Amino acid sequence: ETGVTQTPRHLVMGMTNKKSLKCEQHLGHNAMYWYKQSAKKPLELMFVYSLEERVENNSVPSRFSPECPNSSHLFLHLHTLQPEDSALYLCASSQDSSMNTEAFFGQGTRLTVV
Amino acid sequence: SQQGEEDPQALSIQEGENATMNCSYKTSINNLQWYRQNSGRGLVHLILIRSNEREKHSGRLRVTLDTSKKSSSLLITASRAADTASYFCATDANTDKLIFGTGTRLQVFP
Chain A
1 ETGVTQTPRH
11 LVMGMTNKKS
21 LKCEQHLGHN
31 AMYWYKQSAK
41 KPLELMFVYS
51 LEERVENNSV
61 PSRFSPECPN
71 SSHLFLHLHT
81 LQPEDSALYL
91 CASSQDSSMN
101 TEAFFGQGTR
111 LTVV
Chain B
1 SQQGEEDPQA
11 LSIQEGENAT
21 MNCSYKTSIN
31 NLQWYRQNSG
41 RGLVHLILIR
51 SNEREKHSGR
61 LRVTLDTSKK
71 SSSLLITASR
81 AADTASYFCA
91 TDANTDKLIF
101 GTGTRLQVFP
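Here the protein sequences line up with chains A and B, keeping their order.
Going by this note's numbering, 43 is the number at position 43 of the first sequence; the sequence numbering is gapless.
Going by this note's numbering, 12 is the number at position 12 of the second sequence; the sequence numbering is gapless.
Pulled out of the complex, with its shape left as it was, chain A reads as follows (with noise of 0.2 Å):
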């Protein structure tokens, strides 16, 4: 239990679906990431939050959609996925962005789009 929890932990979902991932940490961290994880690819950072800010966006396609409420919630909107959007999706908090601390890690979504 890494005080990261993600929902839900698999799902699958049509190319037309729209569905959210849901993150939530109550570690008091300021920072929060979703990266991607697939099959023999190093994992792949997507978007980062400090303080409720977007401050990265790694050339992400439109159709993943992060939101951010407050430093404790974190979402990931999908619309109209394609097939190679399959993959293990994480999400993690760290104290503050500057990546000198220790980053804590969901169990992940699996994510299979058909």
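Calculated directly from the structure, the hints in this document are not laboratory data.
Bear in mind the structure is a predicted one, so any value in this text is a computation, not a measurement.
Glycine included, C-beta positions come from ideal geometry on N, C-alpha and C.
Some hints could be false.
To be verified - With a Cα cut of at most 25 Å, we get these calculated SDA-like pairs of lysine to any residue:
(1) K41/A x I13/B
(2) K41/A x Q107/B
(3) K40/A x R105/B
(4) K97/B x M46/A
(5) K36/A x Q9/B
(6) K41/A x T102/B
(7) K70/B x F64/A
(8) K97/B x E1/A
(9) K40/A x K56/B
(10) K97/B x N57/A
(11) K36/A x F109/B
(12) K36/A x E55/B
(13) K56/B x E67/A
(14) K41/A x E15/B
(15) K40/A x R41/B
(16) K40/A x A81/B
(17) K40/A x S39/B
(18) K97/B x L45/A
(19) K36/A x I13/B
(20) K56/B x E53/A
(21) K41/A x D85/A
(22) K41/A x G59/B
(23) K70/B x S98/A
(24) K26/B x S59/A
(25) K41/A x P110/B
(26) K36/A x R105/B
(27) K40/A x T20/B
(28) K26/B x Q37/A
(29) K97/B x N17/A
Claimed, not checked - Reference listing, derived: stretches of chain A covered by chain B, where coverage requires no fewer than 3 residues with Cβ under 8 Å from a Cβ of chain B:
(30) 10-17
(31) 43-52
(32) 103-113
Once you've looked at the hints, dock chain B against the given chain A.
Same frame as chain A, now just chain B:
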């Protein structure tokens, strides 16, 4: 772009043996971190070593850092079956991003 690259990609050993994994990176760093991931689960932080440190210990784990060679190693001593997992290095590459390598898959046989 990929910053850290672990070597070997896969490693199989018997319980009780030591496991050594290496990480090479490309740009200067402020710190380097090692994480562990059980299959299909989230990553768990193991050790953070700063650029002015050369070695760090945590239980059965020993991490070294050689900034002149841009490399780090993770040694797990007296391995156990429960150590079976993927191990990743991550660097900040002097940015506000944590960039991961592709990982080493470690299998420890009882």
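Quick rundown of the hints versus the structure:
no. : hint           : result
1   : K41/A x I13/B  : 24 Å, holds
2   : K41/A x Q107/B : 19 Å, holds
3   : K40/A x R105/B : 11 Å, holds
4   : K97/B x M46/A  : 10 Å, holds
5   : K36/A x Q9/B   : 20 Å, holds
6   : K41/A x T102/B : 6 Å, holds
7   : K70/B x F64/A  : 34 Å, violated
8   : K97/B x E1/A   : 24 Å, holds
9   : K40/A x K56/B  : 29 Å, violated
10  : K97/B x N57/A  : 11 Å, holds
11  : K36/A x F109/B : 30 Å, violated
12  : K36/A x E55/B  : 31 Å, violated
13  : K56/B x E67/A  : 37 Å, violated
14  : K41/A x E15/B  : 28 Å, violated
15  : K40/A x R41/B  : 15 Å, holds
16  : K40/A x A81/B  : 23 Å, holds
17  : K40/A x S39/B  : 13 Å, holds
18  : K97/B x L45/A  : 8 Å, holds
19  : K36/A x I13/B  : 30 Å, violated
20  : K56/B x E53/A  : 34 Å, violated
21  : K41/A x D85/A  : 13 Å, holds
22  : K41/A x G59/B  : 30 Å, violated
23  : K70/B x S98/A  : 21 Å, holds
24  : K26/B x S59/A  : 22 Å, holds
25  : K41/A x P110/B : 29 Å, violated
26  : K36/A x R105/B : 18 Å, holds
27  : K40/A x T20/B  : 21 Å, holds
28  : K26/B x Q37/A  : 21 Å, holds
29  : K97/B x N17/A  : 31 Å, violated
30  : 10-17          : violated (count 0)
31  : 43-52          : holds (count 3)
32  : 103-113        : holds (count 7)
Hint violations for this structure: numbers 7, 9, 11, 12, 13, 14, 19, 20, 22, 25, 29 and 30, all remaining hints satisfied.
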